[in-house]
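Taken in sequence, the protein lines are chains A and B.
Numbering follows numbering that gives the first Met the number 0, with no gaps: position 550 of the first sequence is 549.
Numbering follows numbering that gives the first Met the number 0, with no gaps: position 25 of the second sequence is 24.
Take these hints with a grain of salt, some might be off.
Quick partial rundown of chain B residues pointing at chain A, CB under 7 Å, derived from the structure [claimed, not checked]:
hint: 1; residue: D87
hint: 2; residue: G89
hint: 3; residue: P92
hint: 4; residue: D228
Far from chain A, some chain B residues (derived; all Cβ distances over 10 Å) [said to hold, decoys possible]:
hint: 5; residue: R103
hint: 6; residue: Q122
hint: 7; residue: A195
hint: 8; residue: F224
hint: 9; residue: N226
hint: 10; residue: Y235
Rather than coming from a laboratory, the hints here were simulated on the basis of the structure.
None of the values given here were measured: they were computed from a predicted structure.
For glycine and all other residues, C-beta sits at the position ideal for the given N, C-alpha and C.
Spelled out from the first residue to the last, the chains are:
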Amino acid sequence: MSDPRQRPVELEEGWKDMQAGIDKLIRILEGEKNESQFNAEQYMKLYTTIYNMCTQKPPYDYSEQLYNRYREAFNSYINEKVLPSLREHRDEVLLRELYQRWCNHKLMVRWLSRFFNYLDRYYVLRHSLHPLKDVGLLCFRDHVYVEVKRRAKDAVLRLIEREREGELIDRALVKNILDIFIEVGMGGMECYEKDFEEPLLRESAAYYKRKAAEWIASDTCPEYMIKAEECLRAEEERVDHYLHAATKPKLLKEVEAELLATYEAQLIAKEGSGAAALLRDDKTEDLARMHRLFSRVPKGLDPVADVFREHVDGEGMKLVKEAASAAETKKEKDKDVGRPAKESGGGHEQAFVRAVIALHDKYTGYVADCFANSSLFHKALKEAFEAFCNKQVAGSTTAELFANFCDNLLKKGGSEKLSDEAIEESLEKVVRLLAYISDKDLFAEFYRKRLARRLLQDKSASDDHERSILTRLKQQCGAQFTSKMEGMVTDLQLAREKQQSFEQWKEAKGRELAVDMSVTVLTTGFWPTYKAMDLALPAEMVEGVEAFKEFYEGETKHRKLQWVYTQGTCVLRGSFKPRPIEMVLSTLQAAALLLFNEADELSYAEVAQRLNLPDEDVGRLLHSLSCAKYKILRKEPEGKTLSKSDRFFFNEGFTDRMKRIKVPLPPVDEKKKVIEDVDKDRRFAIDAAIVRTMKSRKVLQHQQLVLEVVNQLSRMFKPDFKLIKKRIEDLISREYLERDAQNPQLFRYLA
Amino acid sequence: MNRGSKIKEKEKASQFKTITGASDKVATECLRATGWSVEAAIEYFYSSGLQAAVPSVDMKGIEALFAKYKDAADGAIRAEGVGSFCEDLGVDPSDVVMLVLSWRLNAATMCEYTRDEFVGGLQRLGCDSLEKIKRRLPEMRGELKDPAKWREVYHYAFAWAKEKNQKCLQLDVAMGMWQLLFAEERRWQYIDDWCAFLQAHHNRAISRDTWVQLFEFVRTVKPDFSNFDESAAWPYLIDEFVDYMRQRQAVAED
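The whole structure should be built from the sequences, with the hints applied where relevant.
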């Protein structure tokens, strides 16, 4: 507290001391060499003067006057020294001067606010005024900043442009200047945003607009992208170095808009170097860059994905066409050689599926490596594969080709020699491709046919592979899809056990059969339907059949055995004159040959009658025995073709290099039947889906019904709308449904 | 009232009675109401529904007609009987009016009238002689112009024409019926195209649903098919027909 005995200090008297202090401070700031720093005593004196003048009783309390003179001290310094010196300079020098002045100013604020500190503690608080430090800053803002900001901004922008053009600039200086823009905001960003950032964004946009126009005209797409990416990187770096972090997204947005969005379509479609060309030339690096760049633009990737889809689709269609022409030339060659078209095929179909797998691998790789596994590109890939995988390839569906491909991998002596791992890998891939096929039911049917052949003719190379592909199929298509196939594999296992107990049973009963016989009992329903024929078996075989029947009936009740002779295999020993040869034959062929044990000569009609078989089968049999590679039967007249008037003899003179030969019986063309079966199943499936839907909904609009049915069935196949319509009409006539009397678009379920 | 006019009135009344089969009382009433014009009176009689109240049908006459045409072997009129019935009526058996008559008699099957249908139906119609039936024919023909009745006759025709133990209508019969129904007065301009299309692309029996929906198709779809909606629930056959017609029209335009 002031000493009451002391005389109060008059304003002007006290101020004289203060002014002296201020002048000394200014001299220090102006860098006068022989001016000494403040020492503690001087500082204490100045502080005490203020303290005294503020604590005197009114009317000697000069707080208000001192507060105002504090401000005036700044203003007069600014007007006398700072502004004139700033007005002299331009550009970089101006910036340096400004920074210097700013530093000085801050120093001045620091010192002065200390001298006047006592004002802050009571006067400012009590009257809610600006604290002393703020007053100092405000003086700078209102007088210096306001006057110089435009020139400073222009200078900074010029520096930035020079840097963009590759010059080195004093980044620290720019950063310091921009800090002024921020600090004069006193906590707010308005000054920086309005006075610097907005012009910066405008300038940058204009700059890159010019650049982009220039580059798009002269550069290829990859060159342009490299430049664009470099610009974006540089701008990011710029922000990190000397701009405010909040500027980054705004600045990048401007640059992206100018460099990328504006020219997107033009760039992607650029003749000879756009997205299509990059895909064509496998420029993965550029593609990845394209993805990186356009993922910055909203919806920017859509056109890239479109090009990708078209490209993959095009590549796929190329494979389809290649396969078709390969099939065509093959057919013609076969014709020249005189081979029946049926037995060939194979090779190019395998190649096609291999190529499709390779294509899928390649572009799945692209999606992962170039396109960051984005769902947009996964979708494009899926659509492309769906488009060409559902085309007919040389008269076959891809479903059939895929099934054949699997067969080739899984059967003994398939066309390719592969390691277990390679087989597993191929299987996995082909199953994955299956997702693109809408006719999954058709695949299943063909697959089942092939599987049946592998299992029954003991052609399956490995049980493990069989099981593993079924597991994969089950994962991909559901348990319903594979239940029959699994049943088939299990059946075969059970059949082996059954065969063992049959052997034991024979031993126990002391039964001796004239022939060795093994029976495979199959579950109807799991297996493809085979034509039942009433073959008149040779006596030796009849005995075996009867024995097995007896055994089987003893083991199980209420099961009916049906013998499928078409699937059987027999080994006969042929006593030919040169030397005996073992022949591996189908049961039908064997039955036919055995007829010649009793007769020297038989006519076509006699064979047919004795075997009790329809014409087409007899023809096939006799052709395989008398006109094909091995002529075990001699026929009169000789020749390659069969006629119903032919007569047949056992060819005693037949011989071959091998001791054991396999006489093939060409299978009936099952393709047509498979497709027919699938069509029939589809009709049932559609009927079931319609009835199921209507049963739960009772009344439904036509379009909703169709939609619902398509949804339900899409896992198995893509039903044809026309077919659905036909099935609905059929169900109407079978009185499951009716049309609403008033609204023909409405169907009702009839319970 | 003078004698002469009385005699004329009597003549008119008996004329009226023979045509309508109405009683004396009804005849006088009708003639009086229409100012003694026989024609107007007959029209009035039928349009006011008086005939229903007429019990005075000569059941013997109807029975006699039935006996005349019925098949000797069983108790119904068969094809042969219908043939001579038409002949006596002076109508071609393939005349659409025979369909309307059958509809009025509520006959279940083409070329066949059971006793109940024939006798009961003629009684309801108030016809006990060939003459009376003949006189009613123009009126029946006219009924096809009434949209509601036309629709009813069309729907009736399906069940009438088909074999009783089958759900569908034989294609040739169906086409015959369509010709019968649509060709006259060109009720549908595409009737010949439709039949040609069926013969070339369908060649199977026609379901009731298709039969019924075709009526709606003819009624609602414009001749240029511009308002035809493929995604709607039209029967498959009609979808195909529209495709067929559009293709032909496209070819014709080239």
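Legend entry - Numbered hints the structure breaks, given as an ascending list: 1, 2, 3, 4, 10
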